[in-house]
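Engineer: The residues making up each chain are set out below.
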Amino acid sequence: MDWVRIFLTRCAAIFRRKKLDAELDEELRAHIDLAIAENIERGLSAEEARTTALRDFGGITQTREAYRIQRGLPWLEQIVRDVRFAARQLRKSPGFTLTAILTLTLGLGANIAIFSLLNALLLRPLPVPHADQLAVLYINGASADGQPNYSFNAPLFRALEKHHDAFQSVAGFEVDRFQVRGSSGYMPVSGSLVSGQFFETLQGRPLLGRALTPADDQPHGGSTGFAAVITEGLWQSWFHRDPHVLGRTLIIAGAPFTVVGVMPKSFIGADPIHPAAIYVPLWAEPVVNAPYNNIANGYSSWWISVIARRNPGVSLEWANASLQATTRSLLDESQAPPRWIKEAQAHRFVLVAEPGSKGFTYLRMTFAKPLYVVSALCAAMLLLACLNLASLLMARAAARERELATRLAMGATRRRLVQQLLVEGLLIALIGTAAGALAAPVVSRALVSAFVAQSSGYMAAVVDTSLDTRVLLFVASAAIASTLLIGLVPALRATSRNLNEQIKSGVQTVFTRQHRRWLPRLLMSVQVALALILVIGAGLLATSLTRLYGKDLGLDAKSVADISLDLAQQHIKGDALLRWYRAYDEAVLHQPGVHAASLAFLTPLGNRAWSDAFSAAPNGAKYELYTNEISPDYFATLRIPFLAGRDFAWNDTAATGNKIVLNRTAVRIFFPGANAIGQTMYDGKTPYQVIGVVGDAVYASIHRAPPAQVYFPITQDSDLSPYIFAVIRYQGSPTALADAARHLAVKMLPEIPAPVMTTMSGDIDNWLGSERMMAMLAVFFAACALLVTAIGLYGTLAYTTARRTSEIGIRIALGAQRRQVVVMVFRENAWVALCGSLLGLAIALFAARALASFLYGVSARDPWVLISSVAVLALIASAASLIPAIRAARIEPITALRAE
Amino acid sequence: MGENKSDVLQGTLDLMVLKTLESMGALHGYGIARRIEQVSGNTLSLNQGTIYPALLRLEQRGWIKAEWGLSETNRRAKFYSLSRTGRRQIERETENWERVAATIARFLISPR
Chain G
1 MDWVRIFLTR CAAIFRRKKL DAELDEELRA HIDLAIAENI ERGLSAEEAR
51 TTALRDFGGI TQTREAYRIQ RGLPWLEQIV RDVRFAARQL RKSPGFTLTA
101 ILTLTLGLGA NIAIFSLLNA LLLRPLPVPH ADQLAVLYIN GASADGQPNY
151 SFNAPLFRAL EKHHDAFQSV AGFEVDRFQV RGSSGYMPVS GSLVSGQFFE
201 TLQGRPLLGR ALTPADDQPH GGSTGFAAVI TEGLWQSWFH RDPHVLGRTL
251 IIAGAPFTVV GVMPKSFIGA DPIHPAAIYV PLWAEPVVNA PYNNIANGYS
301 SWWISVIARR NPGVSLEWAN ASLQATTRSL LDESQAPPRW IKEAQAHRFV
351 LVAEPGSKGF TYLRMTFAKP LYVVSALCAA MLLLACLNLA SLLMARAAAR
401 ERELATRLAM GATRRRLVQQ LLVEGLLIAL IGTAAGALAA PVVSRALVSA
451 FVAQSSGYMA AVVDTSLDTR VLLFVASAAI ASTLLIGLVP ALRATSRNLN
501 EQIKSGVQTV FTRQHRRWLP RLLMSVQVAL ALILVIGAGL LATSLTRLYG
551 KDLGLDAKSV ADISLDLAQQ HIKGDALLRW YRAYDEAVLH QPGVHAASLA
601 FLTPLGNRAW SDAFSAAPNG AKYELYTNEI SPDYFATLRI PFLAGRDFAW
651 NDTAATGNKI VLNRTAVRIF FPGANAIGQT MYDGKTPYQV IGVVGDAVYA
701 SIHRAPPAQV YFPITQDSDL SPYIFAVIRY QGSPTALADA ARHLAVKMLP
751 EIPAPVMTTM SGDIDNWLGS ERMMAMLAVF FAACALLVTA IGLYGTLAYT
801 TARRTSEIGI RIALGAQRRQ VVVMVFRENA WVALCGSLLG LAIALFAARA
851 LASFLYGVSA RDPWVLISSV AVLALIASAA SLIPAIRAAR IEPITALRAE
Chain C
1001 MGENKSDVLQ GTLDLMVLKT LESMGALHGY GIARRIEQVS GNTLSLNQGT
1051 IYPALLRLEQ RGWIKAEWGL SETNRRAKFY SLSRTGRRQI ERETENWERV
1101 AATIARFLIS PR
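Residue numbers (our numbering), protein chains in the order written: chain G, 1 to 900; chain C, 1001 to 1112.
Since the hints were derived computationally from the structure, they do not count as laboratory data. All values derive from a computational prediction rather than experimental measurement. Treat the hints with caution; some may be incorrect.
List of simulated lysine to aspartate or glutamate pairs, EDC-like, C-alpha gap at most 16 angstroms [to be verified]:
1) K1078(C) - E27(G)
2) K1078(C) - D25(G)
3) K622(G) - D652(G)
4) K1065(C) - E892(G)
5) K1065(C) - E27(G)
6) K747(G) - D464(G)
7) K1078(C) - E23(G)
8) K265(G) - D464(G)
9) K358(G) - E232(G)
10) K1019(C) - E1095(C)
11) K1078(C) - D464(G)
12) K1078(C) - D33(G)
13) K551(G) - D765(G)
14) K1078(C) - D21(G)
15) K162(G) - E27(G)
16) K162(G) - E333(G)
17) K1078(C) - E1091(C)
18) K1019(C) - E1059(C)
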């Protein structure tokens, strides 16, 4: 360990240099004094004694230098010196330093933030042993639009669970919100329904008790009813880490579950974004989800996500081949309807496994594409920032040419000078990276709360954007790359020049300089091109977003709120339930600020659909219509225009005959060219009379055109749903309305779970979440890019113009007009801007197809967007170039020449 | 005078310093330099200054310690003395040196 000790003492020496130097001098003086004294004793004269002493000693300066080298770390001291020098240089020009650091902070901060998000949503593996063995299963050919289907139905999953040759274990799960009875009524807790092999698949070891096993996942639970496993978080907050929690009972949706185990905090299940606090067996679904029953629905309910663990040594290809071979027998065993079996015979319906080390979350599908687009924008922004800094530093280095040349002439090696300039770049990069890394978590948290959290709907999303090794690696490599880019190029260039030429030509390098300036010009042109691409991209995405927001939904979504009521646990049914609904509707209507109120089974943007097949004659050709069940005044509340006939009334009861209202599209299909009012339609043999026709309104999704729709009155439903929405048009604060609505509900039914309110404009924001994220970030990046480019154009031109002061002075002295000077200086940047714009336009046109899939209602080559982007860029570039040009024209020849 | 003087081999100076301190006790730089000259019988061309980096090297390794004190002529000077590890080190260094010397000696006396 000798070298450690030596290294440490040497390091320590660096910081006590002055004191140690003084000590050495003192010691050497003592040596000479002692030598002189001895020489005198031997009989030499004072003069001779001194000369002899010095001669015997050898060179004092050499000794001192050798001693210092032995004492400290010369290379480290050199770097420390370089850092000091660089810091002094940067302090001397605070404007440059600040812009440089800000530019880098912006570029790096945005990149780190986006990468953290990308990491959390798309890249980070599940914290389970051997995550690389996991696979996510999906079905090809199950949905009409050709998209892979990641949801399985219960019979198919149960068949798969039994026959999983290629896999060690196969697990199904669904994340959901459970209503759990706490000390003060029911509380929503995020939970997960999991199949028997779930914990085996994820190899989760419980902290306490045991995990759920196949023996727990039985139709009525194990021998002691349904079991549940809770997480450490819930154990802490609900049970205060009571070690006797095992065996306690949790009431979920009115049914008892026995706690059999506690999972540690590190276990987050298979959905990394929606960690559950309670795990219950998949067979408990009808209990937890009452009154619905996805298991009983068989092949018409697709709701289970499937994750599996491969046997060690089994490749994904082999697993897939095996899955494909067994698909048919799985369908047979699960008694699939003939339709699916036919599809499977034609090899259109097939089970597929993909790498599943990152688990499965549906959020990934929503955000993968926009996040990749945004990362591309980010990378372009970072590249632009680095190019900009490189050209600024290059301009600075050019201004220091003479200084550098002089130092080369005095014997400094090129290595030393490059090292010094590199240290300057490194300093900027380090500060910029540090600032960026500090700002990034704030940005990514803001992004998460603005976009991701809302889009996940009723389940609370937990996006862990904390810095992990992956992010740190990314940051480090970004910092190193940017340092090299912004430091090395200018440094090599500045020191590469012929020494003699430098000294000889001095400041008047004007004329020889022109042909050497291609590199900075190229850099600036590429910057302009990048900026133009970012501006065009932002313009297109923003235009697309405004078109989306301006889309005609067929209803007035402003100032409309939906309140979701859940009476599933209230034991009110039939007429009593209808009476409660009507009373609630009327009570809400009397709240201050409420203009209209009604009830509906589905909300227009609620992402849930219900369909029913109708025919124009009994047992005639069927046509699938999308349905909703509503109370009177629903159309008036949403301002869906009435085209003919009348609205439902509260006295349209079952006794008065089945009544329906159609939308325009449905009328066009069933009664083209005829008056629909009074006509009869059939659902099987049941007749329905059309009493009204309304305009087309958006249904379930904002991205789909309104389909053919039929509306039923809630007053005629014999099996009324305990889940319903109150749809309210209001004025004023939505929070006040939410409070009032909640208060009313609890007053009328104390046991009711707190109703959840959403506003329709909030729904629209959620639907357009990823589009909004893309557009807003694109605009942000474009603005930054414009700013950075403007700074770059201004900075480089100002530097080069400053160096041409004497030349311009001579020109003016020789009779050049000020206007000519302005044009001459301005022209330099005009060329750069022109070349850059052409390059950017070419790339933008070329890349248009890549962006087209993200755009709505605007072409990727929209001429208006292209023209206005170029115009904006030209304006900014002109403004940035005009200032140095005008300043150049103000040069007084006398002062310029005198400065020579 | 300088014809038959030899330069000091790197490393041998360290051992000379250590041995000097072992036999003389605490000594200042000048004293060490003089002692080495005397013992070697003036056959070494030693620039006295070169012992200072050597002293520092030994001090960094923890083999010797330094302290300010007063010389016989009442001059303030830095005195060096062996540390405990230094004492142990002398044996090892001596062995090393003897091995090298013996090897060289074998070359010198070996018959052609």
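Engineer: Take the hints in turn and mark each one as holding or not.
Structural biologist: Checked hints:
1. Taking the CA atoms of K1078(C) and E27(G), the gap is about 6 angstroms. The hint holds against a cut of 16 angstroms.
2. With a CA separation close to 11 angstroms, the supplied pair K1078(C) and D25(G) stays within the 16 angstroms bound.
3. Between the alpha carbons of K622(G) and D652(G) the distance comes to roughly 26 angstroms, so the proposed pair goes past 16 angstroms and is violated.
4. Taking the CA atoms of K1065(C) and E892(G), the gap is about 69 angstroms. The hint is violated against a cut of 16 angstroms.
5. Using a Cα cut-off of 16 angstroms, the hinted pair K1065(C) and E27(G) holds, with the two alpha carbons roughly 15 angstroms apart.
6. At roughly 39 angstroms between alpha-carbon atoms, K747(G) and D464(G) are farther apart than 16 angstroms, so this suggested pair is violated.
7. Distance check on the hinted pair: K1078(C) and E23(G) sit about 9 angstroms apart at the alpha-carbon level, within 16 angstroms; holds.
8. The hinted pair formed by K265(G) and D464(G) meets the criterion: a straight-line CA distance of about 14 angstroms does not exceed 16 angstroms.
9. This hinted pair does not check out: K358(G) and E232(G) have alpha carbons roughly 22 angstroms apart, beyond 16 angstroms.
10. Between K1019(C) and E1095(C), the direct Cα distance comes to roughly 13 angstroms. Compliance with the 16 angstroms bound is thereby established for this hinted pair.
11. Between K1078(C) and D464(G) the CA atoms are separated by roughly 61 angstroms; this puts the pair beyond 16 angstroms, and the hint is violated.
12. Of the supplied pair hints, the one linking K1078(C) and D33(G) holds, its CA atoms being roughly 13 angstroms apart against a limit of 16 angstroms.
13. Simply put, K551(G) and D765(G) have alpha-carbon atoms about 13 angstroms apart, close enough for the 16 angstroms limit, and the pair holds.
14. Using a Cα cut-off of 16 angstroms, the hinted pair K1078(C) and D21(G) holds, with the two alpha carbons roughly 14 angstroms apart.
15. In summary, the hint linking K162(G) to E27(G) is not supported, as the alpha carbons are separated by about 88 angstroms, beyond the 16 angstroms threshold.
16. For a cut-off of 16 angstroms, the pair hint linking K162(G) to E333(G) stands: about 10 angstroms separates their Cα positions.
17. Under the criterion of a C-alpha separation no larger than 16 angstroms, the hint pairing K1078(C) with E1091(C) is inconsistent with the structure, at around 25 angstroms.
18. With a CA separation close to 15 angstroms, the supplied pair K1019(C) and E1059(C) stays within the 16 angstroms bound.
Violated hints for the displayed structure, listed by number in ascending order: 3, 4, 6, 9, 11, 15 and 17.
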